[in-house]
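J.: The residues making up each chain are set out below.
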Amino acid sequence: MKQEIEITLEDIENEELVQIPKRKSILTGKYLKKPKKSYRIAMITDFFYPSVGGVETHIFQLSQCLIKRGHKVIVITHQYGDRNGIRFMTNGLKVYYIPKLRAPDKSSFPTVWNNTPILRDIFLRERIMIVHGHQEISVLAHEGVLNARELGIKAVFTEHSLFGFNEIHYILVNKGLMYSLLDGVHLICVSNTTKENAVLRTALSPYLVSVIPNATDFSRFTPDPTQSDPNWITIVSITRLMYRKGVDLMVDLIPIVCRAVPNVRFIIGGDGPKRVFIEMMIEKYDLQDRVKLLGFVKHENVPKVLVQGNIFLNTSLTESFCIAILEAVSCGLYVVATKVGGVPEVLPNYMISFAKPNPEELAQKLIEATEKCKDVDPYFFHKEVREMYDWHDIAERTEKVYDDMMLQPERPLFEKLRYHSRGGTWGALLNKLIFMLRLIWLFILEVCFPREQIHYAVDFPTDKFLKMKKKKLNN
Amino acid sequence: MSLIQTNQQKAGTKEPPKEKKAEHKRKAEQKKKPWRKILYIQQDYPDNHTDKSFLEFMVLNATARRRSFGELSLAATSITQELSIVVLFIVIFFHSYNNTLPLVHFVVINSILIVLGYLMFLYFEEDLEITFDLIFNHLKTFFIIFASVFGLSSVLRTLTKAISNDTIWALTTFLFCLHLFFQDYGYLNGFKNRFFAPFSLNAAIFGSVILASRLNSDFYVFVFLAFSFQVFALSPLLRHSIKKFSNEFQVLLTALMFALTFGLIVTINTLFAILFFFFVAFINFGSPLSLMAAQKWKLFIQGPWDCAVVETVHK
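The listed protein sequences correspond, in order, to chains W and U.
With this note's numbering applied, the first sequence covers 9 to 483.
With this note's numbering applied, the second sequence covers 138 to 452.
Only chain U is shown next, with the shape it has when bound in the complex (with noise of 0.2 Å):
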């Protein structure tokens, strides 16, 4: 870099020793001018010169947002949820296989959790008008449903008699596995605020159907797929509404679905109930945990080299 400066310098004129000494007198008075950043004068100084204001307009991470441990895991508690959710439809089906379900308890166990959560939904959910015809739309939706599960039941039993055990189970793994991926969790965390998931709750109200389809009885058949209706499609509309009520709150229920899913597991498998808990300590604190190692790496710039943005773009 010096080299180039050397060069510029070196150009000079001869002049008689006795102006030399105001020249140089004038020279060390005179300041130099400041550099410009502009290309149709020429400056004292070289090409490759680096001024002080270089990179000035360069802005780093305007619209990165540092996240804490504390939101992250807050968030990850709907997938949590979910997950226990949804393990512990398969358990209870794996009961219900199996005839080890006591039934008399499970209906009226899910019947006091539906009055229950019911009225919780309308003390949690804001902009709500308790009137008496939304009770009544809402009476009459449930029951629409209820009574056409119930009607359709003895059809559901026979739906795939032809084909094997071992396509169910894959079908089924696939199709839950589906639901966890494209579920609206901005919903259930509090951030949106329309439930828009058709494809979770298509894959979900198709794998429990397809295993209601192996169960023994009727009434089995049924009370699983109330209790799939239940937990599928009624359910995100009381947990969005307690995450948006209060945080403890949706701790507290994370941490009861959780315990009630492990404890459910274990009467199976001890081993799965490890996994399980273990892959949910993944979820809830170890997905945080490594996204905030990764964000030191975020590296957004932006500078008045970039494209401009146009706001009406006719297409």
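Looking at chain W on its own, in the form it has when it is part of the complex (with noise of 0.2 Å):
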């Protein structure tokens, strides 16, 4: 008797009938497999180390778990003031910090010849064989893609926000995206909404781009439950005070809730143009013992804030994918969103409430989530959330693509100029000016600084290294 297991959409979202099948890959340790063949990896961005955010941790996480797999990483990345050169970071990642101007974002300046003779130096000595682009607003980056690309080297590019598409700037950077990827360059995007909108930004083939989340560092997330008080609901939110992060919401829904529901308290921290905001309101409803203003938390110091708390909330107006929502759930605390962008990706139900971002609606479910906060068991939700996303497997799945980029063909010449055949005749006829006269400076430096002369340079003994490193761990 045939027997067909028919599993239609409706059984899936109710997901208490359904196992969710989690990632074997993290499950089972597979991972830990080493690779096929080991790439030599050049992550470029003007984003890291000094400098501290989510694309920074990203791409020290990633590198580390590419070097631990077996691969040869390094990273370029603009000077921080003094600190310029070859410095080393753990488990023997090369950084370069080479000289360029820094504009005011972090960012930097864009150049057009500049930077093609270092990075070809950078490219050439360190025998790179695939490049790593990261955050679209980074000019180095897209400058490396564009320099690999002509050296005939792979190019990979890591979209991690979304954008617009009316205001001028948004125009210009979608430009300048498209102009990046034009020559074969694959796409990976930290969410299915930032997929749609780098597809439709730059005209760009669906298939080459590929849907890889980010993680965070699940260890220092734990929860600790004798760290929250029991007679209070604390409602936590950590997050830069300004616009983009729905400060205005927060200022209305604050008073609602806290007028619903007598034994609720919030604890807002973080620091921005709106902070004045909420003070304002503090004042103004009388809810000093209610609502605490932390102001700027380190780092270092949010898991300490978090556990404190039993619901999480963001209010952001756009967000591609929210870490800060992860490392909330690792905490233990249930979280209430807005359904922005691609917040509704990242967390299942049982985890997770979305609400309309308006002050009314957000209210109404922070009240239902004060209700079921209670349910919650803060080291199951760690141990969930541990298991759907891991660096090991965003690196695996990273190190897929690399395999698919290295088994394209590359194109010679001619066929290359047909990619900048875009922007009309006299857009096309200009983009294939200026690929014929990078090439002819290309030409150029290789006549003055010839590949044979270059001598390569030593690579940090990877293997040797980790060995000694388990032996001291072991003993």
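Quick caveat, the hints were computed from the structure, so don't treat them as lab data.
The model shown is predicted, which means the values in this text are computed figures rather than measured ones.
Some clues are possibly wrong.
Stated by the list, open to error - Simulated crosslink set (BS3-like; lysine-lysine; CA at most 25 Å straight-line):
hint : chain 1 : residue 1 : chain 2 : residue 2
1    : U       : K174      : W       : K391
2    : W       : K408      : U       : K170
3    : U       : K170      : W       : K300
4    : U       : K433      : W       : K183
5    : W       : K364      : U       : K452
Claimed, not checked - What follows is a set of in silico ranges between Cβ atoms, one per label pair, in the way DEER data are often shown:
hint : chain 1 : residue 1 : chain 2 : residue 2 : range
6    : W       : D113      : U       : T310      : 40 to 48 Å
7    : W       : D113      : U       : R202      : 33 to 41 Å
8    : U       : K168      : W       : N357      : 18 to 26 Å
9    : W       : I179      : U       : L259      : 19 to 27 Å
10   : W       : N92       : U       : R202      : 49 to 57 Å
11   : U       : K168      : W       : Q296      : 52 to 60 Å
12   : W       : N92       : U       : M429      : 56 to 64 Å
13   : W       : H177      : U       : W434      : 18 to 26 Å
14   : U       : V196      : W       : N357      : 23 to 31 Å
15   : W       : G61       : U       : K189      : 31 to 39 Å
16   : U       : V196      : W       : P112      : 30 to 38 Å
17   : U       : F328      : W       : Y88       : 40 to 48 Å
18   : U       : L209      : W       : I179      : 21 to 29 Å
19   : U       : A199      : W       : N357      : 23 to 31 Å
Glycine is no exception: its CB is placed at the ideal position from the N, C-alpha and C atoms.
Build the complex from these two chains, which are given one at a time in their own frames, with help from the hints.
T.: Spelled out as structure tokens, the structure:
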């Protein structure tokens, strides 16, 4: 008898009935299997240590996992004040701080010719096979990817944020990304919404775009039920206090929730231009004992603040993949967030509840959450989210993208010219002209600093170092 | 794309041949679960999988309106009217300056036009209670302005005595261009109900005052300034009520104004008349056509990636 196993979409939505299949690689640890081929990868971006943020952590963690899998990774970024030259980080991660003028928003100024010599030199002496650029607003990443493609090195780009279409700065940024991705560059997006947005902005084929999410260091965010006060239901929110993060919504909803539920209190961490409105709201409604403003919270202290809470509130107006809610769930908090961008894809229904970005609906969901959060087991949440997102899994998936890239043939120059035929008659002509001029510049560099005379850099002995580390740990 | 897919399919375990058949049968019967737009579980699809639900929430051109040629031409008639009026004004000045204007005829025609225009305004205007009070207020304002212009006409005649002709011609051109650019065409087209174009009105009055100061006699100055007041301050109100009342009347009025202006320009210079004709044809028929040709490039994309808009923004 033929038995057809039919699982409809409705069954899957009702997740209590169906067992959620977790990522096999994380559960079985099969990711520790050695990859087929080890690559030499250059991560290139403007955003790296010593500046601290989501993108910086992403690059660092990804590089560490790739090193552990046996690849060789270097990072190229611009100089930070006195910090220039070559530095080594954990496990032999080589970081090049190249001289480049820094722009106000931590990115750098765009150039056409200046960085080609030094980038070419770095790519050739380290025998780079794949260049991986990060973050669209980083000019150095674009330059790196462009130079790599002209030198015949494979390139991958990771997109971390969402952008609009209407305003002039968005149009410029979109055209810039479209130009960088012309020559068969694979794009990695952190969520499905980011993929849709990127495909629309850059007119890229969706099969050249992979979706690989972010993760965070879950060992730092462990639940601690002893820290939260049992007399209160604490709602925590740690965010930069600016328009984009929905502070206006917070200012409107806090009085509603405080009035409706007598034993609820708020802890708000972070600083920004809109902080004064929260203070005004506290004074107006007399909520000094119900709302606590912590000011700027250092990254090391975030877990300490999170474990004091029962619910995490995220009122962002736009978010491609919110790492903050992962950190909150890892600490055992129930999440209430606005349904924007890539947030609906990140967590299952029993960990998060969504609301439209208006204060009344958010307040309603928060009041319902005060009931739900009593049933939450923080250790269960921590274990669950640990099995959903893992840096080693992300490294494995990124490696699959690299495998795919390396199998693609390198097209001859004549065919590459075809890629530059976007932009109408005159735009295409201009693009092709610029491409030709850049090739002439590369030719001049090849004549002045030939490939054969470039000494290969000595690799950091990663294998021996890791073995030595293991021995020391075992002793 | 298929390369990433085959990598995953290859990952399998070795099984004895007997169980392989059963496994195959089971797998063939088991349907592939539909792809879901989530990131927290491992799905049976490669990372670059593009589902048929890709971009299903994208909305294109939700707020864009496709306009028709007739609608655009009708809206452009108010610009043609304004242009005709300004050119007519300049032509009248030209004749006054050269003393070729039959003054008595001009005054009589103007007076008839003012009375007729006022009666038409009272007839066509909506939401107007025609009471004695209203008419009395109108007439009071009218007489005050005309009396002041009459009184000041001798002063205004010698206002720009020290300034050369060239400055006056250049300044007037510039001012009337400003008047054309900043006129409240929304009001003239009946889209708005309040006439608010102080900048354009000021520019027109300024232009007409310095033009009037070039004329020869006090009476000429008074007649000229009364005409300018009638044309720049009073006629927009009438044209607004005509447009709101009936579109056919608007077209008729525009045609009449154009014909009158064209006829008067011919008395000065034929080349200028031909240029005027082509310019009006471009504004009234050419620019609607070019806007309609550009409409097909309009692309306004909205979707779940948009930044949410908050109703109450604290400042």
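J.: Against this structure, judge whether each hint is valid.
T.: We went through each hint and held it up to the structure:
no., hint, verdict
1, U:K174 / W:K391, "holds, 23 Å"
2, W:K408 / U:K170, "holds, 23 Å"
3, U:K170 / W:K300, "violated, 47 Å"
4, U:K433 / W:K183, "holds, 21 Å"
5, W:K364 / U:K452, "holds, 22 Å"
6, W:D113 / U:T310: 40 to 48 Å, "holds, 47 Å"
7, W:D113 / U:R202: 33 to 41 Å, "holds, 37 Å"
8, U:K168 / W:N357: 18 to 26 Å, "holds, 24 Å"
9, W:I179 / U:L259: 19 to 27 Å, "violated, 52 Å"
10, W:N92 / U:R202: 49 to 57 Å, "holds, 56 Å"
11, U:K168 / W:Q296: 52 to 60 Å, "holds, 59 Å"
12, W:N92 / U:M429: 56 to 64 Å, "holds, 57 Å"
13, W:H177 / U:W434: 18 to 26 Å, "holds, 21 Å"
14, U:V196 / W:N357: 23 to 31 Å, "holds, 26 Å"
15, W:G61 / U:K189: 31 to 39 Å, "holds, 36 Å"
16, U:V196 / W:P112: 30 to 38 Å, "holds, 35 Å"
17, U:F328 / W:Y88: 40 to 48 Å, "violated, 56 Å"
18, U:L209 / W:I179: 21 to 29 Å, "holds, 27 Å"
19, U:A199 / W:N357: 23 to 31 Å, "holds, 30 Å"
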